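A.B. asks: Sequence:
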Amino acid sequence: MKELLKCLLVLITEQPFKNDPLPFAKMNPDGTMKTSFEEYLAENRIRLENLFETNAFDIKEYSERATQGIIGCSHYEYVEESLNHRVRLRHYPVAEGVRHNGKIIYMATPLINKPELFDLASGKSVIEAMIKKGYIIYMVDHGDPGWEETELGLDFYGKTIPDFYLDIIKKRHPRDEIYIMAYCMGGTLILPYLARRAEERLAAGLPMDIKKIALMASPMKFDDEGSGHDPIRTLIRRDYDPYLMKELFGSVNIPPQIIEAGMNEIQPGVQHTVVLGFYGRAEIKESIADSAPFLYWLPHGTKFPVSAHIQWIQNVFIGNQIYEGKYCLPSSDPKFDGKPVNMSILKKAGVRIFDYKGSRDPIAPAGSCIAGETWGCVDTGNVKVTCGGLNRVIEKNIGHIFVVSRKLLAEYLELVEDFYQESSAQKPVAKIMKNSSVNDASGKIVDIKKLQRKQTN
Numbered sequence: 001m002k003e004l005l006k007c008l009l010v011l012i013t014e015q016p017f018k019n020d021p022l023p024f025a026k027m028n029p030d031g032t033m034k035t036s037f038e039e040y041l042a043e044n045r046i047r048l049e050n051l052f053e054t055n056a057f058d059i060k061e062y063s064e065r066a067t068q069g070i071i072g073c074s075h076y077e078y079v080e081e082s083l084n085h086r087v088r089l090r091h092y093p094v095a096e097g098v099r100h101n102g103k104i105i106y107m108a109t110p111l112i113n114k115p116e117l118f119d120l121a122s123g124k125s126v127i128e129a130m131i132k133k134g135y136i137i138y139m140v141d142h143g144d145p146g147w148e149e150t151e152l153g154l155d156f157y158g159k160t161i162p163d164f165y166l167d168i169i170k171k172r173h174p175r176d177e178i179y180i181m182a183y184c185m186g187g188t189l190i191l192p193y194l195a196r197r198a199e200e201r202l203a204a205g206l207p208m209d210i211k212k213i214a215l216m217a218s219p220m221k222f223d224d225e226g227s228g229h230d231p232i233r234t235l236i237r238r239d240y241d242p243y244l245m246k247e248l249f250g251s252v253n254i255p256p257q258i259i260e261a262g263m264n265e266i267q268p269g270v271q272h273t274v275v276l277g278f279y280g281r282a283e284i285k286e287s288i289a290d291s292a293p294f295l296y297w298l299p300h301g302t303k304f305p306v307s308a309h310i311q312w313i314q315n316v317f318i319g320n321q322i323y324e325g326k327y328c329l330p331s332s333d334p335k336f337d338g339k340p341v342n343m344s345i346l347k348k349a350g351v352r353i354f355d356y357k358g359s360r361d362p363i364a365p366a367g368s369c370i371a372g373e374t375w376g377c378v379d380t381g382n383v384k385v386t387c388g389g390l391n392r393v394i395e396k397n398i399g400h401i402f403v404v405s406r407k408l409l410a411e412y413l414e415l416v417e418d419f420y421q422e423s424s425a426q427k428p429v430a431k432i433m434k435n436s437s438v439n440d441a442s443g444k445i446v447d448i449k450k451l452q453r454k455q456t457n
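Residues 1 to 457 (the numbering used here) make up the sequence shown, in order.
Simulated from the structure, these hints should not be mistaken for lab results. Because the structure is a prediction, the values reported are computed rather than measured. There are no misleading hints in this set.
Derived DSS-like pairs: lysine-lysine, alpha-carbon spacing no greater than 25 angstroms straight-line:
id, residue 1, residue 2
1, Lys-407, Lys-132
2, Lys-103, Lys-133
3, Lys-326, Lys-348
4, Lys-347, Lys-335
5, Lys-170, Lys-133
6, Lys-171, Lys-133
7, Lys-326, Lys-221
8, Lys-34, Lys-407
9, Lys-347, Lys-221
10, Lys-221, Lys-348
11, Lys-326, Lys-347
Let the hints inform the model, and build the full structure from the sequences given.
C.D. replies: So, in C-alpha cells, the structure goes:
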C-alpha cells in the first residue's frame, strides 16, 4: 500500500522523486526507465483506476469476494467409499470428448494446503491439462481435520491412506497403469511409501506395480549444510516446543497461521512481495481477476493434524530420517512392520523419478530435492536431464509455487507429459528379500528439547 501511495503522490504532483525510485516503473538492466515519464504517468493512472473499479486494494478481501470462497475449474466427484476420517479421494474423469489413454495419475497433496493448487483456474491447472491429454486423475483431499484427527500420525497419512486409495483405484481400473504426481510434502511422504510398497511386493515375489512418480518441489534431505534447510532447522531448534504445541493445539490441530508464521521467518518480506506483484500487474485489468484464485488459496490453508505435525518436524525436518534410512512405516508384512524403509529399493524395483525443483525455492531448496539423483533408476551420478527410461532431475530458476505462472506451468506440463509417455523398457526386479536385521525403530522420535539443551550447554 505504501508503494501505491507513493504512486498516487507522483500522479498528483506529476513530478518524480528526487532520490527515490519510481514505484512500478519498468526498468532496463542499466537502471534507466524503459518508458518516458509521461508514459509512466499514463500507465499508473490506469493501474489505480483498475484497482478502484474492482475495489481490489485489499487483496485478501478482494479474493474472497471475487471467488466467493470457491476455487478450482475442473469437474470432480468424491469416490463414495473413500471417506476415512476427514480424508476423501477426488475423481477427475477425462475431459469431455477425449479418449482415456489407459493411464491413471494419483495426486498426493500436502497436509497443509487446499488441494486446489493443482487446479486453480483454467489455464493454470495441472488437472485441466492432464485430463485433456486423456489421463484419469485421483487426488487426495485431506479436508480440514478436527478433534478426531488429533492423534493421527504420519503412519496414517503416509501409509494407511495411500494403501487404501490405491487399492480403490486398482479395483476400479484393473488394467490401467498408475503413475504418481506429488507436490511439496505430499512428495516427501509418498516416496517412502512407494519404497515400502516395493519392499512388500518384491518380498512376495511380485513386480512393482507403480513405476513412475513426478515430484514437484519435494524435499527429501534435511541437514544444516547442502540441503539449504539450515535457516528453518535453526528456527525450529530455537523456537519449536512440541510439548507446548500439544498443550495449545492438542484438541484442535495446528492452525494454518502457525505454519504461515514459520514460512515467513525464512522468507522475509514475502507477503510484501506478493502484494507488490499484484499491484504491479494491475495496469492490465484482466490480471486482477486472473490473480484472485491464487490470492484466495494462499492465506486459506488447512489445519495440520497435531500429532502428524510433531512427527513431521521432529522425525523428518530435524531427524532427517528419510534421507538417513531411519524413517519407519507400518506394514502388513511382519518383516517390515515398524521397520525403517529401505529407500534404495526404489532403484531395484525400477521406479523412475521425475524430480522438478527450483533454484529460487527457500521452502524446498534445490539441495534438498535429491530423490531422483539419490534413489532414481539411474546407474551413476546426478542426472540433470536424461532420456529413455531414466529418472529426470530438472532444476529451474523458479520459486516454490511455480504453477501459478502460465508460462512456468506450461514448461512443467510439457516435461512431465514426456516423462509419463516414455516407454518403460527396463523390467523391474522381483526377488524374495531376507528378513531385516535392523532393530524395530518404530516410535523413535527425535527429542528437540534435548537438542535445545545441548546447544545451550
